[in-house]
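Engineer: Please arrange chain B on chain A, whose structure you already have, making use of the hints.
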Amino acid sequence: MKHQFSSSEEHQHTTGSQRQNTQETQSTAGHEFATPEEMLRFDASRTIPPPGVAIRLRESLIREPVPAPAWWRRLWPW
Amino acid sequence: MTDLAVMTEIQRQGPDATEAPSWGRPEFATIYADHSRAIYYLVLRFLGEPAQAEDATHDVFLKAFRKYEDFRGEACLRTWLYRIAINHCQNLLRSWHHRHILCQESDPYWETNASPQDNPLRVLETKELGQRIQKTLDHLPDEYRLLLLLVADERMSYDEVAELTRQTADAVRGKLHRARKAFAEYFPQTA
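For the protein sequence lines, the chains are A and B, in the order given. Mapping of the first sequence onto my numbering: residues 1 to 78, in sequence order. Mapping of the second sequence onto my numbering: residues 79 to 269, in sequence order.
So that you can see chain B by itself, here it is in the shape it has in the complex:
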């Protein structure tokens, strides 16, 4: 099956899909379609390496598939997936492999992927912005980086971010203020 065919299959499967045997579970194609962009973006910017982000995205959804029966619906699905992704990324960052892996900046998927219909200027702008954002996030402490990425998700409330990062919502607000300041101060230096 080609890339296009797979993506078409994913898009075709709406919330009412009753069967998707190629995805193992009827609902998993929909789950992937709904959440893969958010999970991929989080792991891409948290790890800073596109190849690792691809592997991590795959692994996060595979873990979610294996643990899906344990998901009790107490948190929303996005929050549950983020928890798996954050744990996975933190384990990777602590691992020997991550500390020694070589980053290949010539990777064609390095940084943001512009859509095919974008004009060349927009592609360049998007790539440049992605690189500058990555440099800035890399400069921040892990905790600030994670808070900014989580709060940037429109679906996440402060309470959900607080639960995910195991602190109070007030603590999130305080740290977020400092994270925004640190980001805004460093970003101009990446030009």
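The following block holds chain A by itself, in its conformation from the complex:
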């Protein structure tokens, strides 16, 4: 299995819809990435929180009192 960066020295930060068009060498099959961010994005897309976290959090929130509104929100509720 091969994970590598492309030979392109072009590193740029893109947002939203720009991203898909700028990376000429990305391939999930061969795992070739133009930048470290692309690799991290791919890794992130394959990483999900264990379901147990949601269960624990839900149980914790049940025990939490709903906090009182902040002072500034009580003064200016709009």
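Because the hints were derived from the structure by calculation, they are not lab data. Quantities reported herein were computed from a predicted structural model and do not represent experimental measurements. Think of the CB as a built atom: it goes at the ideal place given N, C-alpha and C, for glycine as much as any other residue. Hints should not be assumed to be uniformly reliable.
Covered, in the sense of this in silico footprint (three residues per stretch, anywhere, with C-beta under 8 Å from a C-beta of chain A), are these stretches of chain B [said to hold, decoys possible]:
{"id": "1", "segment": "108-116"}
{"id": "2", "segment": "154-167"}
{"id": "3", "segment": "203-215"}
{"id": "4", "segment": "252-266"}
Structural biologist: Below, chain B alone, put in the same frame as chain A:
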């Protein structure tokens, strides 16, 4: 309630959900569904230990719940959650507990979790890539690691990353250039 039932409940609650009593606040199920993957990934790769990442993700959202009334909407919610997560991780890294905890690499959730429908080869590839990324990030200074993880989030702009890391956007660009170079240089050595 089973894991599946809980996740189904989370997915079911869209932006228009009007009540979610089991989550304490009507909007919190949606907040968790929208941001938990990004927060979990940041803390996983920043701390490098899946068990700690699970605890940290739980704690970050619990803190967010407690402080939610203080959230004024000046920053976007993702940025606000990242700020809580970064502070939490930095406190953990400074703590005695983190410096002495033993890492169990046999943990079933070690590294990336492949989805159930993945074929075995893809699972292996994903796990290997996750391990190599973690080794590389562990090799980098904390600041570089954090910048790369934040910039990798499609929703984050340079200005937001700069605000989160308390520096100028130009400084972020400069350090990011060096962080990319350091990452790209070390990554091949993890093969």
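Engineer: All the hints need checking, so say for each whether the structure fits it.
Structural biologist: These are the hints, each one checked on the structure:
1. 108-116: holds (count 4)
2. 154-167: This one is violated; 0 residues, fewer than the three required, reach chain A with a Cβ under 8 Å.
3. 203-215: holds (count 7)
4. 252-266: This one holds; 8 residues, not fewer than the three required, reach chain A with a Cβ under 8 Å.
In summary, the structure is inconsistent with hint 2 from the numbered list given earlier, while agreeing with all the others.
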